[in-house]
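Residue numbers (this note's numbering), protein chains in the order written: chain A, 1 to 385; chain B, 1001 to 1385.
A portion of the hints provided could be inaccurate.
Unchecked claim - Cut-off 25 angstroms, straight-line C-alpha distance, at most; resulting in silico cross-link-like pairs (DSS-like, lysine-lysine): (1) A:Lys-21 - A:Lys-290; (2) A:Lys-191 - B:Lys-1197; (3) A:Lys-197 - B:Lys-1290; (4) A:Lys-133 - B:Lys-1191; (5) B:Lys-1291 - B:Lys-1357; (6) A:Lys-184 - B:Lys-1133; (7) A:Lys-191 - A:Lys-254; (8) B:Lys-1184 - B:Lys-1290; (9) B:Lys-1184 - A:Lys-133; (10) B:Lys-1290 - B:Lys-1197; (11) A:Lys-364 - A:Lys-291; (12) B:Lys-1065 - B:Lys-1133; (13) A:Lys-197 - B:Lys-1184; (14) A:Lys-191 - B:Lys-1291; (15) A:Lys-184 - B:Lys-1191; (16) A:Lys-291 - A:Lys-184; (17) A:Lys-133 - A:Lys-35; (18) B:Lys-1290 - B:Lys-1035; (19) B:Lys-1291 - A:Lys-197; (20) A:Lys-191 - B:Lys-1352; (21) B:Lys-1352 - B:Lys-1371; (22) A:Lys-65 - A:Lys-254; (23) A:Lys-191 - B:Lys-1364; (24) A:Lys-184 - B:Lys-1254; (25) A:Lys-364 - A:Lys-352.
None of these hints come from the bench; they were simulated from the model.
2 protein chains.
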Amino acid sequence: MLIVRHLSIREGVRMEKDDFKVTPWEVTGDVDYDKLVSRFGTSYLTDDLISRMPGGRENMFLRRKIFYSHRDIGWLLDSYERGNPFYLYTGRGPSSGTHLGHMLPWIFTRQLQEMFDVHLYFQMTDDEKFLFKEQLTLDDTRRATLDNMLDIIAVGFDPARTRIIVDTRDISHLYNIALRVSKKVTFSTAKAVFGFKNSTNIGSIFYTAIQSAPAFLGSDIAGTNVPCLIPCGIDQDPHFRITRDVAPLLGYNKPALIHGKMLPGLSGGKMSSSGNAAIYTTDSDAEIRKKVMNAFTGGRSTVEEQRRLGADPDICPVYHHYEFLLEPSDEALGRIYSDCRSGALLCGDCKKHLLSKILPFMQKHRENREKARDRLDDFVFRGGE
Amino acid sequence: MLIVRHLSIREGVRMEKDDFKVTPWEVTGDVDYDKLVSRFGTSYLTDDLISRMPGGRENMFLRRKIFYSHRDIGWLLDSYERGNPFYLYTGRGPSSGTHLGHMLPWIFTRQLQEMFDVHLYFQMTDDEKFLFKEQLTLDDTRRATLDNMLDIIAVGFDPARTRIIVDTRDISHLYNIALRVSKKVTFSTAKAVFGFKNSTNIGSIFYTAIQSAPAFLGSDIAGTNVPCLIPCGIDQDPHFRITRDVAPLLGYNKPALIHGKMLPGLSGGKMSSSGNAAIYTTDSDAEIRKKVMNAFTGGRSTVEEQRRLGADPDICPVYHHYEFLLEPSDEALGRIYSDCRSGALLCGDCKKHLLSKILPFMQKHRENREKARDRLDDFVFRGGE
């Protein structure tokens, strides 16, 4: 049976004192990402590690520490530098449409695929969403899966090296691994890691074993241990702590992790949930325009005051949209930051400028999304690859 | 969420006061089958119900109340008499070889299939055995599954109307139903019904949802509610209480159940576990002879005493082997009983007589078992049937 570090893990799940909460199913409050590193027991992604990744220093998400935390990346790079391949594994819980916050780690994952020239398993956890969302039916999650797959494919993953695993469709490839994982995880452990109660349903309790499976699937298919790297939002770390604790008990390597921050929603205040006034991939230009122009900002009450005192980009979701995704030039980003601080840049102009970045970005994505409708078959997982 | 009758169910699982315990995974002590009916809340199978079953009164297992308890058989027969078909569902947890005690409910199930001319799903719960038996690997349960399937096929099920479902092989046909079941069952319920603890592994906790699935599979495939009858040992009733409680929440009929007693083991004393000195289908004639001749009996210490006082067939596993399986004639069985009671029949002679029944029975079974090796494909479940 698995022995977990109950205290630190339990502390990681709920942090009432800090007024924020991060679980795989709920992110509320003002997330302090530094505190998450110490509470979850992860490590900061250092410049040294980043410079060992091919093109790491040129990668915006790494350079800006949007992906900022990790587990065992050093070990993975050691192995990679000795000529051993690895594979990527990430996923999506398909419960609704895709927004920019979802796409951010997918874009980064595609970049990792390009940087390292590796295979990727992309898991659609439709079972998870069904089990954890009271109102959702399997028909709902099936529809969301098909919808979300269009966005995933539109992000530009290499069809020759990317397989999308849909849990309910591809369960025959996951179940045996999940059984082996589940035999090593007690209810006590699941309770400590996820905060489950006696009233939690038995499907939700079992589910983490399904999310572990792709981390070992590559090794099972290869017939030898193949390292796995999981890029994900740091909210998913609790699942993979279990995966990592179980791995040696089953004779596998622990998967390495690289953790991202979550894109703040446009309606502001709390900076955590990207679902809050998020821009969806199916939004029209008019809807996007409205959301951006209505966005919360770090601005002052009046133009006069802002000209005089400047505004605060650090609490501004409009600024974070530049920083996290839409302004790749550090120089341009720095200019936005200092002009905001100085009062030279007013929120209305800043929002219009953001729109000039977002609208073409989304336009291009929508085009790719339409093309993806004919490409679904290219990404089907058929086992053995 | 599912509301269970905690008290009665909990009482059903452990009955320390009565010095016997019946769960789906453990049967110990002297089982009082009448107490199980009241504690589990099942009903006795009455002569009236038996006579409504085609050939019911002629069926040895029914007539002798080896299958003695039920849930909703009256409802099932009402429906059947109105011309509605139903299907049978039973199963086997493949952890080791097959013995006579396992075969008894299979033989009865085959007779039900003949009596009602109906389809049967036979579930091999290899996942269950893997999860609940610490030392078993999935390779072990895979081997046991193949081995046990030979015995199942040898029992004579109609290949046109019987499909064997192997959980790990056929999970894609079960998983969606299991998910829907699992969403309606809390850990509290599973704990109350099965006696789980916080140290129980999360696979075992989820498993009951997999055992529920075949009870609804026939309806899903037909696209309309098809009643289901589950013949099983009464030790399996806890699983199906959950199945039945969940059924209406998912829009299905509750499956009907018909419960059997368990064939006592030959080494006697405790009358519950059929695994204790059981006769396996792969035993040689010499091994069978040895087990029978060494069997515990209800006899006296000396021949003289037995001639004078008679013996006790009611506590004798040799007698129970006649009663449960090997002496179809009530008249002949009654003679054995009274000759035992009177002292006219000595245990040695009685054992030799039993051997004259068992050896040809097992010889025939071994022949059918060999033939079954070429017939495995005839029983594969391929969905949609």
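Hints, verified against the model:
1. A:Lys-21 - A:Lys-290: violated (30 angstroms)
2. A:Lys-191 - B:Lys-1197: Cα-Cα ~12 angstroms, so holds.
3. A:Lys-197 - B:Lys-1290: Given that 25 angstroms is the threshold and the Cα spacing comes to 53 angstroms, the pair is violated.
4. A:Lys-133 - B:Lys-1191: holds (23 angstroms)
5. B:Lys-1291 - B:Lys-1357: Since the Cα atoms of Lys-1291 of chain B and Lys-1357 of chain B sit roughly 14 angstroms apart, the hinted pair holds (cutoff 25 angstroms).
6. A:Lys-184 - B:Lys-1133: Between Lys-184 of chain A and Lys-1133 of chain B the Cα gap is close to 12 angstroms, so the pair holds against 25 angstroms.
7. A:Lys-191 - A:Lys-254: holds (22 angstroms)
8. B:Lys-1184 - B:Lys-1290: violated (50 angstroms)
9. B:Lys-1184 - A:Lys-133: Satisfied, since the Cα-Cα distance of roughly 12 angstroms is no more than 25 angstroms.
10. B:Lys-1290 - B:Lys-1197: violated (41 angstroms)
11. A:Lys-364 - A:Lys-291: holds (19 angstroms)
12. B:Lys-1065 - B:Lys-1133: Between Lys-1065 of chain B and Lys-1133 of chain B the Cα gap is close to 32 angstroms, so the pair fails against 25 angstroms, i.e. violated.
13. A:Lys-197 - B:Lys-1184: Given that 25 angstroms is the threshold and the Cα spacing comes to 15 angstroms, the pair holds.
14. A:Lys-191 - B:Lys-1291: violated (48 angstroms)
15. A:Lys-184 - B:Lys-1191: Within the cut-off at roughly 19 angstroms; holds.
16. A:Lys-291 - A:Lys-184: violated (47 angstroms)
17. A:Lys-133 - A:Lys-35: violated (28 angstroms)
18. B:Lys-1290 - B:Lys-1035: violated (34 angstroms)
19. B:Lys-1291 - A:Lys-197: violated (50 angstroms)
20. A:Lys-191 - B:Lys-1352: Outside the cut-off at roughly 58 angstroms; violated.
21. B:Lys-1352 - B:Lys-1371: violated (29 angstroms)
22. A:Lys-65 - A:Lys-254: holds (24 angstroms)
23. A:Lys-191 - B:Lys-1364: violated (52 angstroms)
24. A:Lys-184 - B:Lys-1254: violated (33 angstroms)
25. A:Lys-364 - A:Lys-352: Given that 25 angstroms is the threshold and the Cα spacing comes to 19 angstroms, the pair holds.
Hints 1, 3, 8, 10, 12, 14, 16, 17, 18, 19, 20, 21, 23, 24, counting from the list given before, are not met by this structure.
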